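Number of protein chains: 2
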Amino acid sequence: MADQQPHTMCPKFEAAFEILGKRWTGLILCALLGGPCRFKDISEMIPGMSDRMLAERFKELEAAGLIVRHVYPETPVRIEYELTGKGKALKPVMEAVQQWGEAWVN
Amino acid sequence: MADQQPHTMCPKFEAAFEILGKRWTGLILCALLGGPCRFKDISEMIPGMSDRMLAERFKELEAAGLIVRHVYPETPVRIEYELTGKGKALKPVMEAVQQWGEAWVN
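Taken in order, these protein sequences are the chains called A and B. Just so you know, we're using the UniProt record's numbering here: the first sequence kicks off at 1 and counts up by one. Just so you know, we're using the UniProt record's numbering here: the second sequence kicks off at 1 and counts up by one.
Read the hints as simulated data drawn from the structure, not as lab findings. One thing to keep in mind: the hints can contain errors.
In silico contact screen, one side only, chain A against chain B (beta carbon under 7 Å); selected entries [said to hold, decoys possible]:
(1) E14
(2) A16
(3) R78
(4) V97
Note that the structure is a prediction, hence the values are computed from the model and not measured. Glycine included, every Cβ here is placed at the ideal spot set by N, Cα and C.
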């Protein structure tokens with residue numbers, strides 16, 4: 001039943017794409033899958049993205065429960081971003097995207 | 001080597017997210033995984049999306065080689081959109097997103 005499928009499968013699917021379907025978000029998550037990172041680490045990994053955009057994405061991802069922000073009271077203060085369980089659970093998605101990209105993107 | 005990873009994995013990954021990372025695209029592809037559809041079919045499946053937006057997305061997906069447009073010279077003319085091999089190959093991505101959504105999206 002083609003016209004029933006989206007009604008049952010798409011609300012959570014759509015919610016997932018609300019998060020993933022924003023520029024840079026996939027790349028940020030992909031970088032964080034390697035482990036906790038500082039702002040500068042991610043910023044350097046994705047040269048085309050402005051720091052302002054990264055700050056915005058970090059806030060969105062934190063609000064969506066995909067990352068947590070750790071503040072270490074050192075001198076100078078150290079701030080790191082880390083994937084939560086919900087964020088780490090996106091690994092199969094990232095792997096599937098990567099595999100598709102390798103097979104089909106020139 | 002956290003700072004080498006993105007340089008090797010991200011160009012195709014980024015290119016993949018250039019396509020997937022647009023509003024509605026995931027839902028359109030998900031609908032087309034069920035088989036060829038007419039414009040109206042997809043439009044009805046995704047009520048929040050305007051027809052103008054769908055037309056734009058169809059053009060982008062056709063340009064990216066993910067869908068083909070079939071014109072059947074009937075009366076009235078019948079036009080259907082179908083995933084190409086490149087488009088169908090996104091099935092594992094869609095499945096991974098769906099699984100993540102079911103597990104983690106409220």
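Minimum Cβ distance from V97(A) to chain B below 7 Å? For V97(A), the interface hint holds, since the closest Cβ of chain B sits about 5 Å away, which is under 7 Å.
Under 7 Å, Cβ to Cβ, is where R78(A) needs to be relative to chain B, so tell me if that hint holds or is violated. Result: violated, 16 Å to nearest chain B Cβ.
Would you check whether E14(A) satisfies its interface hint, that is, whether its CB is within less than 7 Å of any CB in chain B? It holds, given that the least Cβ distance between E14(A) and chain B is near 6 Å, below 7 Å.
With a cut-off of 7 Å on the beta carbons, see whether A16(A) makes it to chain B. 4 Å, holds
Checked against the numbered hints above, the structure violates only hint 3.
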